[in-house]
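The opening position of the sequence shown corresponds to residue 512 in our numbering, with each subsequent residue numbered one higher.
No lab work stands behind these hints, which were simulated from the structure alone.
Since the model is a prediction, treat every value here as computed from it, not as a measurement.
It is possible that part of the hints are untrue.
[Unchecked claim] DEER-style ranges, computed between Cβ atoms:
#1 Pro550 x Ser631: 21 to 29 Å
#2 Leu554 x Arg642: 15 to 23 Å
#3 Glu598 x Asp619: 20 to 28 Å
#4 Ser555 x Ser620: 28 to 36 Å
#5 Thr643 x Arg531: 49 to 57 Å
Every residue gets a Cβ at the ideal spot worked out from N, C-alpha and C, and that includes glycine.
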Amino acid sequence: MRMASLPIAVIMQRRSLQHRWATEAWSAVGVVADGGLPPYRVLSQDEHRETYLVGGLTLELYPDENDGYFENCVAPEAKVFIKWRMEEGRAMPVQASVSYADGARMFDSGESADGVPMPSDIHAWLAEYLRTHYAPPVRRGKEYKQRKQDGHAG
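Make the full structure from the sequences, and use the hints.
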């Protein structure tokens, strides 16, 4: 069951390359909360680089991903993970997540994915969700771990 959602727009970029195997590189470079932005807008463009904004994605939070949200939220550099695909000659985002576990699945899938810095407003939204819907597991010392391994935890 979805517990929270936030519309976002993704900043994508195409860079020209001087490389014998590729002439351009595509990547997600940022995200912003989407408060009614247009579905697509070119932000800047020249012969070496094009940066464009793509709206219409939503960050959705589910309780079974809470551990991954927590890991990301407390990380030194929290990320928004973006999976994207080439559509009509342009990289377009298709999925976004703030869960470390979901981000790892994106990278492991073999599809194109990037982790971009999480803006402070999205971080605050995630932190508020976690305060309401998550209690981190209690860490116990070596003695408890040893008893559990021996089958005597309690």
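Against the structure, the hints:
no., hint, verdict
1, Pro550 x Ser631: 21 to 29 Å, "holds, 25 Å"
2, Leu554 x Arg642: 15 to 23 Å, "violated, 34 Å"
3, Glu598 x Asp619: 20 to 28 Å, "holds, 22 Å"
4, Ser555 x Ser620: 28 to 36 Å, "holds, 30 Å"
5, Thr643 x Arg531: 49 to 57 Å, "holds, 53 Å"
Violated hint for the displayed structure: number 2, the only one.
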